[in-house]
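Undergrad: Chains as they are written, first to last, in the numbering used here: chain A, 34 to 490; chain B, 21 to 195.
Check before you lean on any hint, since a few could be wrong.
Claimed, not checked - Here are the simulated EDC-like cross-link-like pairs (lysine to aspartate or glutamate), alpha carbons at most 16 angstroms apart as the crow flies:
hint, chain 1, residue 1, chain 2, residue 2
1, A, 138, A, 253
2, A, 322, A, 49
3, A, 483, B, 31
4, A, 50, B, 156
5, A, 104, A, 430
6, A, 483, A, 49
7, A, 50, B, 31
8, A, 395, A, 330
Derived by calculation from the structure, the hints in this document are not laboratory data.
A quick note: this is a predicted structure, and the numbers were derived from the prediction, not measured.
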Amino acid sequence: MAVIYSVLRRPLIEGDKSLAQVTEDVCSAVASRPTRMWWTAFLTAFTVLLMGTAAVSYQLATGIGTWGLNKTVGWAFDITNFVFWIGIGHAGTLISAILFLLRQKWRTSVNRSAEAMTLFAVMCAGLFPVIHMGRPWLAHWMFPYPNTRGTLWINFRSPLVWDAFAIFTYFTISLTFWYVGLIPDLATLRDRCQSGLRRWLYGFFSLGWDGSYRTWQRYETVYTLLAGLATPLVVSVHTIVSWDFATAIIPGWHTTIFPPYFVAGAIFSGMAMVLTLMIIVRKVMRLEKYITPRHVDAMCKIVVATSGMVGLAYATEFFTAVYSRNPYEEFVFLNRALGPLAWGYWIMVACNVLIPHLLWLKKLRANLAVVFPISIFVDIGMWFERFIIIVTSLERDFLPSSWAGYAPTAIEAATLVGSFGLFFTCFLLFCRFLPVIAIAEVKGVLSYGKNTQGVHS
Amino acid sequence: MSRRLFLAAFEREEDALGATQASREYGFRIVDVYAPYAVHGMERAMRLQPSRLPWVCFLLGLIGATFKVWFEYWTTWIDWPLNVGGKPWDSLPAFVPVTFEVMVLLAGVSTVFAFFLVCRLIPGKKPTLPIAGITDNRFLLVLEETDAAFDPHRVRRLFEEFNAVQVEERVEETR
Numbered sequence: 034m035a036v037i038y039s040v041l042r043r044p045l046i047e048g049d050k051s052l053a054q055v056t057e058d059v060c061s062a063v064a065s066r067p068t069r070m071w072w073t074a075f076l077t078a079f080t081v082l083l084m085g086t087a088a089v090s091y092q093l094a095t096g097i098g099t100w101g102l103n104k105t106v107g108w109a110f111d112i113t114n115f116v117f118w119i120g121i122g123h124a125g126t127l128i129s130a131i132l133f134l135l136r137q138k139w140r141t142s143v144n145r146s147a148e149a150m151t152l153f154a155v156m157c158a159g160l161f162p163v164i165h166m167g168r169p170w171l172a173h174w175m176f177p178y179p180n181t182r183g184t185l186w187i188n189f190r191s192p193l194v195w196d197a198f199a200i201f202t203y204f205t206i207s208l209t210f211w212y213v214g215l216i217p218d219l220a221t222l223r224d225r226c227q228s229g230l231r232r233w234l235y236g237f238f239s240l241g242w243d244g245s246y247r248t249w250q251r252y253e254t255v256y257t258l259l260a261g262l263a264t265p266l267v268v269s270v271h272t273i274v275s276w277d278f279a280t281a282i283i284p285g286w287h288t289t290i291f292p293p294y295f296v297a298g299a300i301f302s303g304m305a306m307v308l309t310l311m312i313i314v315r316k317v318m319r320l321e322k323y324i325t326p327r328h329v330d331a332m333c334k335i336v337v338a339t340s341g342m343v344g345l346a347y348a349t350e351f352f353t354a355v356y357s358r359n360p361y362e363e364f365v366f367l368n369r370a371l372g373p374l375a376w377g378y379w380i381m382v383a384c385n386v387l388i389p390h391l392l393w394l395k396k397l398r399a400n401l402a403v404v405f406p407i408s409i410f411v412d413i414g415m416w417f418e419r420f421i422i423i424v425t426s427l428e429r430d431f432l433p434s435s436w437a438g439y440a441p442t443a444i445e446a447a448t449l450v451g452s453f454g455l456f457f458t459c460f461l462l463f464c465r466f467l468p469v470i471a472i473a474e475v476k477g478v479l480s481y482g483k484n485t486q487g488v489h490s
Numbered sequence: 021m022s023r024r025l026f027l028a029a030f031e032r033e034e035d036a037l038g039a040t041q042a043s044r045e046y047g048f049r050i051v052d053v054y055a056p057y058a059v060h061g062m063e064r065a066m067r068l069q070p071s072r073l074p075w076v077c078f079l080l081g082l083i084g085a086t087f088k089v090w091f092e093y094w095t096t097w098i099d100w101p102l103n104v105g106g107k108p109w110d111s112l113p114a115f116v117p118v119t120f121e122v123m124v125l126l127a128g129v130s131t132v133f134a135f136f137l138v139c140r141l142i143p144g145k146k147p148t149l150p151i152a153g154i155t156d157n158r159f160l161l162v163l164e165e166t167d168a169a170f171d172p173h174r175v176r177r178l179f180e181e182f183n184a185v186q187v188e189e190r191v192e193e194t195r
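Extracted from the complex, chain B is given alone in its bound form (with noise of 0.2 angstroms):
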């Protein structure tokens, strides 16, 4: 299978903006944008979900919180009792820094980690970038060509419109 893209690239963040926006309400299919810079209100110009990355730390902490208090009442109350100045048993004041660190950590690290997983960000892997620049200076809006309705010309004209650098098509082997 193969699919066909149409790339237009733009040099503003506004020019993007409102490409990206324009693409929605002509119903284009969106692939992807690229930009240099988390450009603020795209996520609403490609209506995109808000992530469920909250949810892996959110989990996480409780996790680890949990695992944090029980550890501590086992360790020092059932494991290997010892008594350390009188101090009662159920220490559970003194146990919440401890646990509040644990929860911290775990919810942090994993997030990140989830975070890598999901947007596939692995060390070493070769980036595939679709044009050069895009770390640099340049937003890319990617529409897959769905039909035979899409005009490739009229959609080069309208990103015209939005000052559009560099304009093109491509077939994109899928597997």
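In isolation and in its complexed conformation, chain A is listed as follows (with noise of 0.2 angstroms):
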């Protein structure tokens, strides 16, 4: 049978798949026996999270002492690891939300796991404002119930408090959606799996699904539906993240400008985070045919657009602080680029406005070796983003006399680190047990069996 290429499209996926194949390529891989690498991985990543598991029961049962924190930088290194955790989910609603209603058929090969990676982002996000309370098992007082003190209800003005509301909200329904999605796939393994706990496990989950075409239909109105409000969802929760220091007066954080650029940044760090995933999971799991250099291509430009409006808003910021005329602003920018920060600020401007520009150039971006590091840079460029504008505009504060530095100490370098355990923990679990790649999605946007024509009578 002669394959017929478009001469203005190539496929998605290459290799020419039949959809028995999609299944046995993708399926394969949640069949087969652990390899040494993932062993290895995994411990790590394990060994990594018990570490820090450790590091945050010290300091539960110690206080917040352990942290470096000061009487003037009262709020540091926990908060730079929320808003970074935060922004790398973004991508995976981006992903699977937008890019799903802007019919991009590209997405169909990475949704799966860049929801995944979402929803263990906003886990490990989600953790450090409960360590932070220093009470954690009170983290309940979050959410308004009846209780027996007063009833004294929670404060609806406070920007925390609509932080706490759209974490939850963001996290259920990016759990929704994934799990959504997940069902046909289920529904897959299960027929694939003779008997056992697994083949349990899959029908549980499952539904008793069918592919019956009814239940395909309303299951696509759902996904829209889905899709449609996690799309302003992502963008009201990194909104709401910016406002915890838009809200306040303190200079460099009280500005109009925070919403956009906060979302722009968390796209931008997420898309990177992806693109890292990424480039490891099709070399490991043999997913070359589905994750193509085009889907990498694709990302890049994302992160090459996003790092442009990060870009700007850093000038930005900086006009906005001469323009206004206003000494304590001007000072706070100043500060950052010459104060004693100025080495991470530097680093941040390189990683995050310099270094991603090179993906301008097409040849660069079709090379795995220089993405690769371009996407760890940004990630790292992103969370001192994030570091820089919480501390430096905290340590130099209106009273030169309080003035004070800001370094984090062991435990909480040992929880920032033990947050990676975390995610990477649950990651190498989903690529052991689920199917990584959405097997019904991709299946729907191949070459195979459709009308050549392109024209359905």
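Now that you have both chains on their own, put them together as the hints suggest.
TA: Here it is, written out as structure tokens:
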């Protein structure tokens, strides 16, 4: 049978796959025994997670005095990590919801793992405010419920309360979205297993899915609705995160540019993390035919675009500071670029504004050995961005006699590293037990079995 | 009561679409089509009505938002008025973010539950797959033989034009 490629468009999935081949390629990774590489990665991640758990346990038992905070810098490492992880999560929703509404078919190869990344990143993010409370066993006080303290309600005018609602909703909707997308694939896995615990589990969670088109039609409707809800949601989440800062009167934080600046930065960092993970996953799980250089190319373009937005935001902040003639605002930005944390500021500029622009070159976008380190630089740069925004605005406040520096303690560093342990432990388990490619969605974009004229009667 | 069903399996999307289309043109009663993925255009071929789930989404979103606005006013202004930094009791702009989040949460989660309910997707339910391979690489068209005029041999020949890989008749007991 002759294979016909359009001159205009290359197929999204290479290798002219049939439906059964797609099922086989994705499911065999789940069915086979874990490789030695997987075990090494998993045990490393799990050890790091345990180390983080130990650090957090020590901190909970001893108190927040184990952190490097002081009375000037009262908010630093913990909130940096929170914003960093929430930002990472945003790319998953961008791929699964926004690109779905924009009918970007290439998303089908990466959406499953990007959504999983979102879930795990939001889990990591959610941990930090809970740890930050110092008394996490009272975390339920964040939510309004009839209580014996009055009833004393929470303050709905506070951005921190908005944040709690935003993160909770974001996690729940992301989980729902991910699960709804998984149901047909779980049914595929169920029908491939003969018996045993796996079949039972896949059967339980696939809800008796039988592929009826009446169900498929409603499924498509629900998927579109969820995408429509998740799109403004993802914008709202990082907007609200930015309000944690922007509603304060601290110079450097109190600015109206924060919401779009944070949302662009979130998608920037998240897309870089998707690239980091996908370049590894396609290699390790032998999915090169599914996650092709074309997918990497598309994601690189998003990285370049959002890098430009972030760069513009940095410049705008400086311009606004000068143009406002507000001496405190001017000082904060001079302090960022030339003060004690200038090294961090310039790492941020280099990683977020300068290095990603290499990806304008098509040749470099096609070279994974270049794209991979760039994606890691962006991850690092975006972590520094949050750190710089938070710490430099606080360390030198209105009263020079109270100026102080900030350096994280080993406990704080271990907590950050531990959160990476949690993230990778979850991600590796996901790769092991669930299909990393959305099988049913990829089948829908194959050229196999379709009317070659592209016209359905 | 029992009904006679006519099943035809296909390997390719365009065959399944064509056969469904032809069945409708011949006036056969289409019981259902089974597919490994959401085939675009199938809803037109089967002439399915659009789902009413968007209404569930809209209504529950509206209820969630209304409830949350009321709740925020009630808690901060009536039940336990607390002056925070001299902010006005009527702080509608500050109530918007949480209202939005609750609206999205309720609309999204309830739409999914409504979907599970109308499609009878229940945890642990045993699937009733008419043939093997539907979740892998088979498309299946199920017709009901409504009257004596339904000639299985002619229908079989019709579907063979669409490269049917498996054609069979079944009797299904209905309650």
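Undergrad: Checking each numbered hint in turn, tell me which of them this model violates, lowest number first.
TA: When the structure is compared with the hints, none of them turns out to be violated.
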